[in-house]
Structures are given as structure tokens and as C-alpha cells.
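Use the sequences and the hints to build the structure in full.
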Amino acid sequence: MLEINNLHASVVDIENSEILKGINLKVNKGEVHAIMGPNGSGKSTLANVLMGRPDYEVTAGSVVFYGESILGLRAEERAHRGMFLAFQYPAEIPGVRPWQFLKAALDSKAESRGEDKMSVRAFSKLFDEKVEAVGINPTLVKRSLNEGFSGGEKKRNEMLQLEVLQPSLAILDETDSGLDVDALRIVAEGVNSMRSPERSFIVVTHYQRLLNYITPDVVHILVKGKIVRTGGPDLALEVEKDGYKEYLAAAGANA
Amino acid sequence: MTNQNTISRESDLSGGEYKWGFVSDIETDLAPKGLSEDIVRLISAKKEEPDWLLQWRLKAYWHWVDLFENEAEPTWAKIDYPKIDYQDIYYYAAPKGTNEAPKSLDDVDPEMLATFEKLGIPLQERAVLAGVAVDAVFDSVSVATTMGKQLGELGIIFCSFSEAVKNHPDLIKKYLGSVVPYTDNFFAALNAAVFSDGSFAYIPPGVRCPIELMTYFRINTEGSGQFERTLIVADEGAYVSYLEGCTAPFRKTSQLHAATVELVALDNSEIKYSTIQNWFPGTKDGEGGVYNFVTKRGRADKNAKISWTQVETGSAITWKYPSVILKGDNSVGEFFSVALVNNHQQADTGTKMIHIGKNTKSTIVAKGISAGKGSNTYRGQVQIMPGAENAVNHTQCDSLLVGDECSAHTVPYIEVRNPTARLEHEASTSKVSDDQLFYLMARGLSEEEAHHMIITGWSRDVIKELPFEFALEAAQLLKVSLEGAVG
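Protein chains in written order, with numbering that gives the first Met the number 0: chain F, 0 to 254; chain X, 0 to 486.
All the pointers check out, no bait thrown in.
Which bits of chain F does chain X cover? Going by a derived footprint, with three or more residues having C-beta under 8 Å, they are:
1) 44-58
2) 67-78
3) 83-90
4) 94-101
5) 104-111
Quick partial rundown of chain X residues pointing at chain F, CB under 10 Å, derived from the structure:
6) Leu439
7) Arg442
8) Ala449
9) Ile453
10) Thr455
11) Trp457
12) Ile462
None of these hints come from the bench; they were simulated from the model. Backbone N, C-alpha and C fix where the C-beta goes; we use that ideal spot for every residue, glycine too.
In C-alpha cells, the structure reads:
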């Protein structure tokens, strides 16, 4: 469903700022891929580039999603085609309620596909169900989006969006090494409950801890903008034990 | 101008540039350009006014002349505009055939009705369905007041100012100029001299007005000024919610609008006054647009409450400070405002809360959105007089910047002459961040939708104070007004 070939990306308007230096990655339907790597390896950049963040510029390579090249598409067009990015630090948006935000997101997706918008009543029902399923505090979703949410609450809110929007490819940017166990568990529960033969995941993470709760099909090690090794779930355990030293040395860095 | 009869308000707001810029081809009765004693007399004569009112206008006129000669046009506001040539303005422009008030809607020029329909004003039956009583002021003359009969049964008076002068002279005489005297300021003096119509509402003691009263203002004639005067009196224990909407056609020349609004809230009464101001803001390059110099003030007696809510998206220049004199003990004043400037618009707006009575309380929530090359200034005054024991004020001023060529300014004045007062002032300035935009776009919203959502969310504390239908319109208006500022 997703094929990345020789992807190079830099920060817009900054010379010699190449972060991704030739990424190759293929994700099949229903697979869960973990992307691990040391700080500054480009993990978070990869997640953001895939979703079309305007701060990055793709200088070479291709990304094909369901047979269509998506590099020319804006973020919202990628979302309409079934891509989703769970943010490491979701933005706070005062005065916008999660309910209203998600309804608008669903509506614009329906509109882009020429489908009918969900009625307010049907959406309310769906929303309430998902709020319960995700275990987010119902009074919280009546407040402003992410404003004053704790770290765990923000994660639950991201998972709520994942549940409501039902993307076919979810990219989870969990690069933060400071995630507490609670937050890890919330993310893992979200992924596990959404796992299906029709849906794929790319989980970006620094530590193996998250993978105690999610068993990936494929693990990639990303160092200095390149995938240097690909393996099964055991690869994550290996990294946990030995760290990234060996890979960094191979990539010519001072680790 | 083609005659399109059925453009709904929704489709009018569906996007694009200024949507209200059409001109109606209506025969107009124009007085010659320029301001003189003769013009003041002519306006008064056209309206068949009693002598006391003419004398009041003339006093105002001579006061204004005095101010003009002493160059007392206010210059303290942070607005920059070419000198207004007061002799190059039509001070009276009435659609022909309205010097006799229309007896029914059948007597109203069909072209004019079509214009109002285009504006989405629920005149005729729609008014009843919508539960709104409308007084529509076209150029300077009030065209029709709907639902007068239903209101009459409750003793509520809602009519054009001219009719009120004829039919309720005692009330007008008693309250006209009682809150905003003609000596108040340069533009208030001008208005008092040449005002040609406006709205009047009176709610008798203990009556809760069951519907929202609404006035819709529109400037049509090129080169004409509009000087309407609104007076609302809530008698003891009464309640009224009043809405005001404004549009003007697309003109490359600027138009002057100098209105005065007076609110009188007697003991235990409440007046809620909501405005959506969408006068023509000028072109993208800053040509034309309405110069909006407005004096709005209310007096709250014992236990009374006055609440101003405004959404200001139009006008090239906005100079406006809806205020409350908290005269009676335990009276309450509120001001909720969203002012948006885009392109070359300039707004200098805010409020004055003057605490005189004991235990008086005021709240100010002022939000300014600046986009394009717009300049937005909050100017507010909180004054606690010596007798105002235990007065409380809370002020919150927030500025939001869209793009990097606009500006936002906050100028609060605080004067406390009683040590028991408690005042709080909060201010913030923020930008729509790339993180916020990308977050929403990654969920499927377009950049424009994302901006709109961030901005309406940010304005929510104010918009939620508006009556429901007006709130929807306000949100749409913010969206339309920001087009071109984004992307």
C-alpha cells in the first residue's frame, strides 16, 4: 500500500539541511512497521514528510500510496486518502472543541470523496462510543482541543481521532524518549485495537519500550537519514540491549 | 443591476470577496451636497419635526461648527485617513416616495424590497417565522418596521426614529441626548445636527420583549453619509435583546458613517445590544470603504445591566467605543468584542466602563484579529469614581496576528478613585502557528478551513454571547473577511 523509494528531504529554505538521505521502505496492507533510531536520525522528519508537512522539501525520490504518487498532495489531501499522523506534541487550539474538530475533519473527507456528510445525530452517537472506548474523560472533550490536557490525555485524544477517522495508514510519531508508561500503554492499546488486515501502521519510536506493548511485523533501524537495517521483532530487543552505537559507527558518526 | 429576488443569506456568504457590494437602482431624493444651517433646517423640515427638535439640531450644528473651526476632530486614535471634506457629502439621501412612511409593505419600492431580500433580511412573512422584528434603514430613511402590531399588544414601541418623533414625542424629548449629549464629541455633534433616521425602541415596565428586535442599515447612494440615531429605553424591570447589522455597496470613494446609539436601562432592567458591522471595508488596495465613527453609550440605573456584543469585520476605518455608565448601585456593564482587520483596514475600538454606583461590576472581553496590512487597536477605559464602593472590573484583551505585515495594539486606561475597587487586566498576543495549521490539515481540513477554525475558536468567548442565528452569521463573516489573508 505504501512504497517509499530513495526519499531525500531537507528543511525548506535552508541549504545543506538534508535530513532524509535515501529512504526505501515498503509497507503492505495490515502490517505494523516500527522505525527506530537514535536522536536526530530523521525518524520524526520521516513521519512528518509522509504526511506532507510544509516545513520540509522533498528533493528526490518517490512516495506511492495505493498506486498514486502523493508527494504533490497537500496534507489534507493525504488525509482524505486515508493517511493519519498521530502527533508527538499535538497542538493546542483554544475554543475549538474536539467534537467540532472531528466532525469537520470527517465532513471534509466525505466531501472530497463525493460522499454524504454524516448527520449530526449519527456523528454524536459515534463520537460518544469512541470516547468511551478510548477511555478519554468525557468532560475533557467538551473543552478546547488539547488545551490544558495532560500528556496522557493528549495521547488518548490522538487515539480518539484515530478511532473516529479510521485511516488505512496510521503513522505514529512517538519519538519522545520521555513518554511515560501510561502514555505508552494508551498508544499501544489504540494500535492494537485498530489493527486489522486492511490497516497498516508505521510506529516511530526511540526506545524499544513501546514495542513491549505492540508487536511489530517489521523493525527498521534509521540512522543519519538512512535505513541501515531491517528485521523482525527481535531486532528491537537487540537494539534495547546494545544501543545504536554500532550503527552510528558504521554511519561514520561520533557516537 | 439585475433583479435577483431569491438569493438566500447562505449563498451570499458562501465565499469570495465582499458579497454585499451591489448597488440598487432606486430613485433617490437628494439634498445638495455640503453642510450648512440650511441643510439642517431642510432635514428637519423634510421630517416635519417639531420646533424643539429643530432647535436641538441647530445647537448641535453650531457646536459642531465651533469644533470644526477649532480643528477639534479627534486625532488621538491610531487611525490614518485623508482629511474628510465635510462639504463634499450628501447629508440627506432618501429613496423617493418615502417621505410618507409606507403604510404597508405594498407601498415600498419593490427594488428596495429586492435589495433587502438580497441582504437576507427577513422582511415580510419571513420576519414572523424567524421571530425577528426588523427596522431597515436604507441610506437615511427607515423603510419598514415589521411586527409592529404584535409588539404593540405588549406596549412595546419599535419604530423608526422619525415615527417616534411624531408619535411618541414625550419619550424622545425625555431621553434624546440624555446619554450622549450633542456636546459629547465631534462626531456625536455632527450626528445630532444631521441625523436623518434610525430606530427607537421602548419596553414598558416589567415587560420582557419576546423577540429580538433588529435594525438593518445599508448605505446605497454614492457620496452620501449615513447618520442614524438609535435610542433604546428599557423601563423598570424590562428586558430587550437588540440586533444591528450593517452593509454598504462596493464604492471606490469612501463613505462616512457617523452614528449615535443611546441606551437607557432603568432600574432592574436589562439591554443586550448585538452588532454585526460589515460595512464595505475598501478594496484590497485600500481604496474606498466606509469611515465608521460611532458613539455608543448606555446608562445603567440601579440593578440594571447593559451588555454590548460586537463583531466588527467591515469598514476601512472603525472608531467606536460602546460604553456603559454604571450609574446605579449593583449595575452591570459588559463588552464583548471581536474586531477583524484585513488588507488596509484600520480599527481603533474598545469600551469605557464608568463606575459611579456602589457594587458595580463590569466585564470586558476584547479580541482583535489582524491580517493583511491591517492595524487593530484596543482602546479601553475603566474609571472607578470616588463613590463606587466595591466596584469590580475584569478586562481581557487578546490579539491574534495572521501573517507578518499586520499590527495589533492595546491601549488600556485605568483610573481608580476608590480604594475598595478590584480590577484585573489580562492581555495576550498570539499568532496562528504553523503547528496548529498543520495539525488541522493533517486531519483533512484545508488551509482556509484550518485558519477559520482556529480563528472562530479563538473568538468563541465573544461569539457565544450573540443570539444563535447571529452567531452563525458572525462565524461565516469572519471566514469571508479573512479570505485572501491566508495561503
